[in-house]
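Now for the letters of each chain:
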Amino acid sequence: MTKTPHLLKNSLKFPQPELEPVDTTVAVATAATPTPSGTRSDLEPGPRGRKPARRFSRRNLFIYGTLTLVALYYLLPLYVMVVTSLKGMPEIRLGNIFAPPLEITFEPWVKAWSEACTGLNCDGLSRGFWNSVRILVPSVILSIAIASVNGYALANWRFKGAELFFTILIVGAFIPYQVMIYPIVIMLREVGLYGSLTGLVLVHSVFGMPILTLLFRNYFASVPEELFKAARVDGAGFWAIYFKIMLPMSLPIFVVAIILQVTGIWNDFLFGVIYTKPDLYPMTVQLNNIVNSTQGVKEYNVNMAATILTGLVPLSIYFLSGKLFVRGIAAGAVKG
Amino acid sequence: MEPSISIRNLSLDFGSLRVLKDLDLNVGQGEFLVLLGSSGCGKSTLLNCIAGLLEISEGQIFIGGRNVTWEEPSQRGIGMVFQSYALYPQMTVAGNLSFGLKNAGLPKAEIAARVDRAAKILQIEPLLDRKPAALSGGQRQRAAIGRALVRDADVFLFDEPLSNLDAKLRADLRVEIKQLHSKLKNTMIYVTHDQIEAMTLADRIAIMRGGSILQLDTPEEIYLRPNCRYVANFIGSPSMNFFDGRIEGGDHLRFVSGSLNLPLAGYAFADPQGARPGPATLGIRPEHIVSGAEAEAAAISLTAEVDLIEPLGSDTFARVTLDGSNLWIRLDGQARTRPGDRLVIGFAPERAHLFDLDTELRL
Ligand SMILES: Nc1ncnc2c1ncn2[C@@H]1O[C@H](COP(=O)(O)OP(=O)(O)OP(=O)(O)O)[C@@H](O)[C@H]1O
Ligand SMILES: [Mg+2]
Numbered sequence: 001m002t003k004t005p006h007l008l009k010n011s012l013k014f015p016q017p018e019l020e021p022v023d024t025t026v027a028v029a030t031a032a033t034p035t036p037s038g039t040r041s042d043l044e045p046g047p048r049g050r051k052p053a054r055r056f057s058r059r060n061l062f063i064y065g066t067l068t069l070v071a072l073y074y075l076l077p078l079y080v081m082v083v084t085s086l087k088g089m090p091e092i093r094l095g096n097i098f099a100p101p102l103e104i105t106f107e108p109w110v111k112a113w114s115e116a117c118t119g120l121n122c123d124g125l126s127r128g129f130w131n132s133v134r135i136l137v138p139s140v141i142l143s144i145a146i147a148s149v150n151g152y153a154l155a156n157w158r159f160k161g162a163e164l165f166f167t168i169l170i171v172g173a174f175i176p177y178q179v180m181i182y183p184i185v186i187m188l189r190e191v192g193l194y195g196s197l198t199g200l201v202l203v204h205s206v207f208g209m210p211i212l213t214l215l216f217r218n219y220f221a222s223v224p225e226e227l228f229k230a231a232r233v234d235g236a237g238f239w240a241i242y243f244k245i246m247l248p249m250s251l252p253i254f255v256v257a258i259i260l261q262v263t264g265i266w267n268d269f270l271f272g273v274i275y276t277k278p279d280l281y282p283m284t285v286q287l288n289n290i291v292n293s294t295q296g297v298k299e300y301n302v303n304m305a306a307t308i309l310t311g312l313v314p315l316s317i318y319f320l321s322g323k324l325f326v327r328g329i330a331a332g333a334v335k336g
Numbered sequence: 001m002e003p004s005i006s007i008r009n010l011s012l013d014f015g016s017l018r019v020l021k022d023l024d025l026n027v028g029q030g031e032f033l034v035l036l037g038s039s040g041c042g043k044s045t046l047l048n049c050i051a052g053l054l055e056i057s058e059g060q061i062f063i064g065g066r067n068v069t070w071e072e073p074s075q076r077g078i079g080m081v082f083q084s085y086a087l088y089p090q091m092t093v094a095g096n097l098s099f100g101l102k103n104a105g106l107p108k109a110e111i112a113a114r115v116d117r118a119a120k121i122l123q124i125e126p127l128l129d130r131k132p133a134a135l136s137g138g139q140r141q142r143a144a145i146g147r148a149l150v151r152d153a154d155v156f157l158f159d160e161p162l163s164n165l166d167a168k169l170r171a172d173l174r175v176e177i178k179q180l181h182s183k184l185k186n187t188m189i190y191v192t193h194d195q196i197e198a199m200t201l202a203d204r205i206a207i208m209r210g211g212s213i214l215q216l217d218t219p220e221e222i223y224l225r226p227n228c229r230y231v232a233n234f235i236g237s238p239s240m241n242f243f244d245g246r247i248e249g250g251d252h253l254r255f256v257s258g259s260l261n262l263p264l265a266g267y268a269f270a271d272p273q274g275a276r277p278g279p280a281t282l283g284i285r286p287e288h289i290v291s292g293a294e295a296e297a298a299a300i301s302l303t304a305e306v307d308l309i310e311p312l313g314s315d316t317f318a319r320v321t322l323d324g325s326n327l328w329i330r331l332d333g334q335a336r337t338r339p340g341d342r343l344v345i346g347f348a349p350e351r352a353h354l355f356d357l358d359t360e361l362r363l
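As you go down the protein sequences, you meet chains E and G in turn.
For reference, each letter of the first sequence is one residue, going 1 to 336 in full-length UniProt numbering.
For reference, each letter of the second sequence is one residue, going 1 to 363 in full-length UniProt numbering.
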């Protein structure tokens with residue numbers, strides 16, 4: 001929930017079906033009339049036809065120049081990280097952080113993944129990675145499953161107290177996390193889930209609920225109401241409408257929700273530290289422990305490799321889902 | 001015969017707003033009833049109540065003699081067609097048609113047979129494998145009608161099914177719906193705000209306003225004897241001309257308004273009690289105003305100045321000024337009248353409509 005991907009914008013509403021399709025007969029008729037090709041001689045001198053694009057106008061130079069600079073500014077740290085992670089420690093001590101590695105070595109990566117020490121155990125980030133996966137998968141599935149049904153019920157079945165329920169949920173979204181940390185510790189301890197992954201999964205699901213419910217509610221509310229009515233006349237009940245009508249045309253909003261949840265939960269640090277214990281720490285917490293470990297020399301290359309490894313999951317989810325998302329739209333999967 | 005649909009004392013509130021007010025309505029077996037009214041008068045709301053898509057606040061609904069007031073839409077024996085077609089976008093046309101039947105748990109062979117039959121009737125067989133996105137507006141609406149058809153329902157509910165189509169297609173589908181009705185003989189309730197659809201399709205028209213039915217009658221009756229000024233104004237295009245004035249005289253009543261002084265001897269009062277002096281409104285349809293030689297022979301003839309001409313080919317409508325107010329008259333399509341011309345116009349009292357000035361009810 002930390003970053004809002006730009007591709008959110010178009011997917012928050014169900015695309016309204018075109019009510020008036022293009023009349024094909026008209027299109028054929030216009031296509032059939034011969035259009036004069038080439039330039040005719042009886043045109044006035046002066047501008048004619050398509051306005052020529054000025055590729056190197058001052059405005060273009062300015063825009064592209066600025067964009068390039070900004071892009072470089074953001075890419076530079078990544079470059080430094082990648083380069084450093086591929087160097088050996090002697091080379092790093094030379095001090096030029098921008099220089100490409102003279103001798104490429106993958107040892108820092110191996111070390112970061114499987115040997116680096118955090119506290120008591122020395123099995124690298126791999127433990128944290130698998131912990132994070134075991135937190136991420138159930139949290140994402142649970143939170144999205146519940147929130148989508150919530151949103152669907154709120155948008156389409158205006159049950160008694162729906163407004164109140166929704167208001168409470170939204171207000172909940174504005175209460176600072178910090179206020180709730182300790183009460184949740186007590187609650188988890190009472191039910192015996194404190195320090196377990198299950199407990200953390202529950203916490204993530206609960207905290208994702210307001211924003212996800214809002215997201216789904218708004219999407220389902222933008223689905224034409226008559227579609228829902230037609231399904232009811234066709235004898236579909238609450239679940240049949242959800243699974244057979246709403247789900248199949250909600251791929252975009254599910255992708256958006258998955259992006260939000262995967263990046264948000266993967267990047268989480270605070271809840272991981274608080275609600276689990278050391279051998280169950282998620283990857284982010286372990287990364288911190290590796291980077292901030294006080295004993296011995298600072299192994300910058302291992303730290304960099306570990307950082308990139310940790311960031312790989314959100315990064316790939318952006319690329320992967322972005323593509324899927326575009327394909328979903330392009331295939332007309334959601335068009336009426 | 002027992003009515004197919006019977007609505008008794010129906011009221012519906014949205015919060016504190018009473019949208020339907022104590023409505024009573026009986027629709028006969030196989031009747032084509034059109035609900036007509038301006039936007040927001042509660043037509044769709046009434047239809048949704050009959051379908052069971054809205055929970056009513058008071059009253060009862062019977063369909064086929066059965067009290068369905070508390071029943072689910074799918075249990076009421078209805079098929080419904082919506083303005084926006086409301087086809088399920090992810091399913092093919094065949095999938096759309098069979099969705100309801102699958103939900104009802106019908107055997108596969110039966111479903112296939114019904115879908116085939118509906119597709120044949122509506123001539124959408126070649127489209128069965130297409131998704132709605134790949135259909136034109138007319139084809140989509142046919143598919144939507146098909147979805148209602150396969151349900152084998154006794155009652156069809158249409159909510160402005162043609163209003164998203166262009167004029168030509170609308171006229172075609174209107175004829176198809178009429179033929180469909182004469183073939184299937186179902187009870188149909190059809191919501192529209194297009195009076196041409198209403199006049200051409202309906203066995204009876206219910207004119208609604210503000211959540212009540214003002215008049216429920218055959219199209220002819222509604223046209224010839226509107227029971228109030230609102231209905232008179234609503235039906236007909238261009239709409240009726242009105243003069244506010246007074247009924248005067250004793251034995252020989254006359255309607256007086258400005259230079260208009262019309263003997264009412266030929267007028268058939270709805271209620272003989274109404275035939276007495278008092279304030280009243282007179283209405284006369286543009287097509288019942290005659291001009292030229294015919295007008296000079298009419299019970300009343302006046303001279304008016306032509307202000308505006310709207311030629312439609314078959315007819316020409318002219319706006320004329322009389323006593324400083326405008327009225328529309330219908331002229332022959334070939335009439336050579338120009339704005340600024342002076343025209344003698346007149347009409348027969350039996351063609352006129354008189355309404356009480358206060359209650360707006362027909363006199
Ligand atoms: N869900 C709702 N909540 C509150 N008021 C509503 C709701 N639906 C409709 N209304 C109100 O009820 C009245 C009747 O609405 P309805 O949709 O039945 O009108 P209509 O006659 O079908 O109009 P149109 O020709 O525009 O479709 C309107 O004043 C409308 O504002
Ligand atoms: Mg409506």
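Calculated from the structure, these hints are not laboratory results.
Please note: incorrect hints may appear among the correct ones.
[Stated by the list, open to error] Result set (DSBU-like, lysine-lysine): computed pairs, CA atoms no more than 30 Å apart in a straight line: (1) G:K108 x G:K120; (2) G:K131 x E:K323; (3) G:K21 x G:K108; (4) G:K168 x G:K131; (5) G:K102 x G:K183; (6) E:K244 x G:K102; (7) E:K244 x G:K183; (8) E:K160 x G:K21; (9) G:K178 x E:K244; (10) G:K21 x G:K120; (11) G:K178 x G:K120; (12) E:K244 x G:K131.
[Said to hold, decoys possible] Reference listing, derived: stretches of chain E covered by chain G, where coverage requires no fewer than 3 residues with Cβ under 8 Å from a Cβ of chain G: (13) 227-239; (14) 243-249.
This structure is a prediction, so every number in the text was calculated from the model and none was measured.
Just so you know, even glycine gets a beta-carbon here, dropped at the ideal spot from N, CA and C.
Pair hint K21 of chain G and K108 of chain G, alpha-carbon separation not exceeding 30 Å: Distance ~44 Å between K21 of chain G and K108 of chain G Cα, so the pair is violated.
Distance restraint between K168 of chain G and K131 of chain G, which requires alpha-carbon spacing of 30 Å or less: 24 Å, holds
Restraint check for K244 of chain E with K131 of chain G, where alpha carbons must lie at most 30 Å apart: The hint holds at about 15 Å.
Satisfaction of hint between K120 of chain G and K21 of chain G, Cα-Cα up to 30 Å: 41 Å, violated
Pairwise hint evaluation, K120 of chain G against K108 of chain G, where the allowed Cα distance is 30 Å at most: Roughly 18 Å separates the two Cα atoms, so the pair holds.
30 Å limit on alpha-carbon distance, applied to hinted pair K160 of chain E and K21 of chain G: Holds - the C-alpha atoms of K21 of chain G and K160 of chain E are around 23 Å apart, at most 30 Å.
K178 of chain G paired with K120 of chain G [C-alpha distance capped at 30 Å]: 17 Å, holds
Distance restraint between K244 of chain E and K183 of chain G, which requires alpha-carbon spacing of 30 Å or less: 33 Å, violated
Verdict on chain G covering the stretch 243-249 of chain E, criterion of 3 CB contacts below 8 Å: It holds: at least three residues are needed, and the stretch 243-249 of chain E offers 4 whose Cβ sits within less than 8 Å of chain G.
Within 8 Å of chain G (C-beta), three or more residues of the stretch 227-239 of chain E: With 9 residues closer than 8 Å to chain G, the stretch 227-239 of chain E meets the three-residue bar; holds.
Straight-line alpha-carbon gap K131 of chain G to K323 of chain E, limit 30 Å: 24 Å, holds
K102 of chain G paired with K183 of chain G [C-alpha distance capped at 30 Å]: Distance ~26 Å between K102 of chain G and K183 of chain G Cα, so the pair holds.
Consistency note: the structure conflicts with the earlier hints numbered 3, 7, 9, 10.
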